[in-house]
Amino acid sequence: MTWLHFMILFPFMFALIVPFIYKRLTPRIHTGWFVLFVPFLIFIYLLTYIPKVAKGEVFTSAVKWIPAYGINFITYLDGLSLVFGLLIAGIGSLVILYSIFYLSKHREALHNFYVYLLLFMGAMLGLVLSDNYYVLYVFWEITSVSSFLLIAYWYERDRSRYGAQKAMLITVFGGLAMLAGLIMLSIMADTTSIRETLLQLDLIQGHALFIPAMILILLGAFTKSAQFPFSIWLPDAMEAPTPISAYLHSATMVKAGIYLVARLTPIFGGTMEWFWIVVGIGIFTLLYGSFNAVKQTDLKALLAYSTISQLGLIMSLLGLGSAAMYKGLAVEEAGLYATAIFAAIFHLVNHSTFKGSLFMVVGIIDHETGTRDLRRLGGLIHLMPVSFTLTVIGGFSMAGLPPFNGFLSKEMFFTAVVQASEMEIFNLQHIGIFIPIIAWIASVLTFVYCMVLIFKTFRGKNKAPKLDKVVHEAPIGLLLSPIILGALVILFFFIPNVVSKFLLKPAFAAVLPTLAHTVESKKISAFHGFNTELWMTIGVVGLGTILYLLLRKWYKIYRLYPQAFTLSNLYNLGLEYLEKFSKSITDFYMTGFLRDYLVYIFGFIILIIGGSLFLFNGFTFDMSHDSPITIFDMGIVIAMIVSSVTVLFSKSRITSIVAVGALGFLVSFFFVLFRAPDLALTQLVVETVTTVLFLLCFYHLPQLKKEISRVPFKVVNAIISIGIGLVVTLIALSANGTHLFASISSYYENSYKLAGAKNIVNAILVDFRGIDTMLEILVLTVAGLGVYTLIKVRLVGGDKNEGTK
Numbered sequence: 001m002t003w004l005h006f007m008i009l010f011p012f013m014f015a016l017i018v019p020f021i022y023k024r025l026t027p028r029i030h031t032g033w034f035v036l037f038v039p040f041l042i043f044i045y046l047l048t049y050i051p052k053v054a055k056g057e058v059f060t061s062a063v064k065w066i067p068a069y070g071i072n073f074i075t076y077l078d079g080l081s082l083v084f085g086l087l088i089a090g091i092g093s094l095v096i097l098y099s100i101f102y103l104s105k106h107r108e109a110l111h112n113f114y115v116y117l118l119l120f121m122g123a124m125l126g127l128v129l130s131d132n133y134y135v136l137y138v139f140w141e142i143t144s145v146s147s148f149l150l151i152a153y154w155y156e157r158d159r160s161r162y163g164a165q166k167a168m169l170i171t172v173f174g175g176l177a178m179l180a181g182l183i184m185l186s187i188m189a190d191t192t193s194i195r196e197t198l199l200q201l202d203l204i205q206g207h208a209l210f211i212p213a214m215i216l217i218l219l220g221a222f223t224k225s226a227q228f229p230f231s232i233w234l235p236d237a238m239e240a241p242t243p244i245s246a247y248l249h250s251a252t253m254v255k256a257g258i259y260l261v262a263r264l265t266p267i268f269g270g271t272m273e274w275f276w277i278v279v280g281i282g283i284f285t286l287l288y289g290s291f292n293a294v295k296q297t298d299l300k301a302l303l304a305y306s307t308i309s310q311l312g313l314i315m316s317l318l319g320l321g322s323a324a325m326y327k328g329l330a331v332e333e334a335g336l337y338a339t340a341i342f343a344a345i346f347h348l349v350n351h352s353t354f355k356g357s358l359f360m361v362v363g364i365i366d367h368e369t370g371t372r373d374l375r376r377l378g379g380l381i382h383l384m385p386v387s388f389t390l391t392v393i394g395g396f397s398m399a400g401l402p403p404f405n406g407f408l409s410k411e412m413f414f415t416a417v418v419q420a421s422e423m424e425i426f427n428l429q430h431i432g433i434f435i436p437i438i439a440w441i442a443s444v445l446t447f448v449y450c451m452v453l454i455f456k457t458f459r460g461k462n463k464a465p466k467l468d469k470v471v472h473e474a475p476i477g478l479l480l481s482p483i484i485l486g487a488l489v490i491l492f493f494f495i496p497n498v499v500s501k502f503l504l505k506p507a508f509a510a511v512l513p514t515l516a517h518t519v520e521s522k523k524i525s526a527f528h529g530f531n532t533e534l535w536m537t538i539g540v541v542g543l544g545t546i547l548y549l550l551l552r553k554w555y556k557i558y559r560l561y562p563q564a565f566t567l568s569n570l571y572n573l574g575l576e577y578l579e580k581f582s583k584s585i586t587d588f589y590m591t592g593f594l595r596d597y598l599v600y601i602f603g604f605i606i607l608i609i610g611g612s613l614f615l616f617n618g619f620t621f622d623m624s625h626d627s628p629i630t631i632f633d634m635g636i637v638i639a640m641i642v643s644s645v646t647v648l649f650s651k652s653r654i655t656s657i658v659a660v661g662a663l664g665f666l667v668s669f670f671f672v673l674f675r676a677p678d679l680a681l682t683q684l685v686v687e688t689v690t691t692v693l694f695l696l697c698f699y700h701l702p703q704l705k706k707e708i709s710r711v712p713f714k715v716v717n718a719i720i721s722i723g724i725g726l727v728v729t730l731i732a733l734s735a736n737g738t739h740l741f742a743s744i745s746s747y748y749e750n751s752y753k754l755a756g757a758k759n760i761v762n763a764i765l766v767d768f769r770g771i772d773t774m775l776e777i778l779v780l781t782v783a784g785l786g787v788y789t790l791i792k793v794r795l796v797g798g799d800k801n802e803g804t805k
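With UniProt numbering, letter number 712 in the sequence shown gets 712, and the count goes up by one each step, no holes.
It should be emphasised that the hints constitute simulated quantities derived from the structure, not laboratory data.
Wrong hints could be hidden among the right ones.
What the hints assert, rightly or not - Taking lysine to aspartate or glutamate and the EDC-like style, the derived pairs with C-alpha atoms no more than 16 Å apart in a straight line are:
1. K501 with E520
2. K461 with D373
3. K327 with D190
All values reported here derive from a predicted model rather than from experimental measurement.
Make a model of the complete structure from these sequences and hints.
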């Protein structure tokens, strides 16, 4: 195991000891102080790779897992995975520091919180560092499960459970679709390695499974990154504690889909299908999120929709940049389009800084005022000046204003969409003009909701006296993390080329290695002259300011759309009908009658197994080596048939029990004929005890009433009985007539020499399959203990009930 493997497993291993730390030290010290050093050490360790990765080095190592199927735990650290790893560990450190002051060590179940958080952190690190498709998928689903637990952390709240369930259902659905796509991709490339797949592009892109695999993988990416129409889970996930929202929903989990699209762009990029699906969904998600963010009155809901919008922006940039892989382009033109990928990575980093800071500030506002409702907030600028400053930094950066890092990447976004309208591929020469138009409208709405966030909260009439708490600025412990992120927002604006050299360019080279040289000399600057992009920004600020000032005039348009047709309402309605449908199916087959269950089981066996053997000529009969059937065999079989029929038509329980017992005793005669006296003795003992127990139990039951059964009832029974008997008989005869391998009976015949046992059956049970026998005994013991426990519980409960009476 290498240090990279250990780095991924470190959070999982530390999660095992968190409950013990919490139990021993919580009364004296916050558990978060011990957890903090986990992401901090990982972050410091990843920092050591920056100079090496910036020089183009790639680090990979492998640990065997399931080598027979080509599934090994292979880590792969390049520029792209390093950027994500630094975000996961760096912001994770700040989130844990923030949570120490946000979550009370006396009122909160901190051991649960930090265990879930460490599981999520380890899963995200494993996801971005895995080279194997199936290992990546395992970590992908661990993020879904751990995020479910984190969102439902305050599980006593209905909205928390609802948000966690919605996130789980949508992301796991996408994950299963992604798994199917990855399986198709591994089949096409005949490898489970992402790097090795890149060597098979010519073979893959002409394959019949190429488009289905692409769509299924994008389903996984879109559900995880909250792209339309799967974005409905993200606003409801805001019921999680603010540290979780700042970590999962701004910097890490929602970026998993972004990472997947970026990582697989070299495989699927350059095709029209990939371009239009990624760009189309991304640009519409940008507009959808920004439009819905404006109308929100809950601060976290506003940030949730703004996150959806920003994720759509990054996704659309990845789609636009994929056009650079189109085979008909010249190198210079491809390099021009490829800058959209560069812009996507830059905005991903910027978004993590300003959105993480904003989430933390909103948590501070909620923590200090007791509300996140904009209708109850206002005039906080004098009471919370540091929080106001941090909100201005994060909000202006998200709006794309200087001197903040969001301005730089937003300008690059405008450049990319303008270039898209001028492309002459993928029919962009006809409809490409709509891309910059939609992007500009969404940017105007982004400016509006950023102004709502800043000024509706901190400006206007002071409503603090009407709040339930005495409002004051947060302590430095809560402010420290957002201050660090806010400082990075400003710092990245002034030193963008340092960030570019050591992080952005290596990440770009990992996505588009053949075009890495096109950005080597690229310089990021805040001013490029009075070009189209600058005029678009000026228009955003101008129109956005007017719309914000006139917000009350046009806000009523949100009431025009019927709430019954919102995506969340349609989801709830669909879930309700799905539950009713599943209940109707369950009620149909869960009748409570054993006869019905046997009909289902035996009918399934007849149709599936019997039908398959019949259709594929699976029946093989070879009786040439069988022993002859004697008169004694025939006599016993006839007697067994008579006993069985007697059970069916008997009107008395006693007669039925005697007939069943006779059937068992007749079976023991077969064992005698086959020279197995030990089995015969066992059968006789079991049948005797069983018959006695039956008689004892049925003695206390009421007398049978004469019931008239309908004819179809008996016909169904007869068909099922004859059918299952016939299928089992034919399978047994076919198995007897098919000898694919040499018999192992000769091996067991030497049991005395091998095990010192004179009885072959005993030797098999005790020696050759002793572990099986031990486990069977263990199962019976556990079942017996369970029955005993239930009896004792019922007796105790009965006594208590009697006492209460």
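Hints versus structure:
Only pairs whose Cα atoms come within 16 Å are accepted, and K501 paired with E520 is accepted, the gap being roughly 8 Å. Restraint check for K461 and D373: satisfied, since their Cα atoms lie roughly 15 Å apart, inside the 16 Å limit. Between K327 and D190 the alpha-carbon distance is near 24 Å, which puts this suggested pair outside the 16 Å criterion.
Checked against the numbered hints listed earlier, the structure breaks hint 3 alone; every other hint is satisfied.
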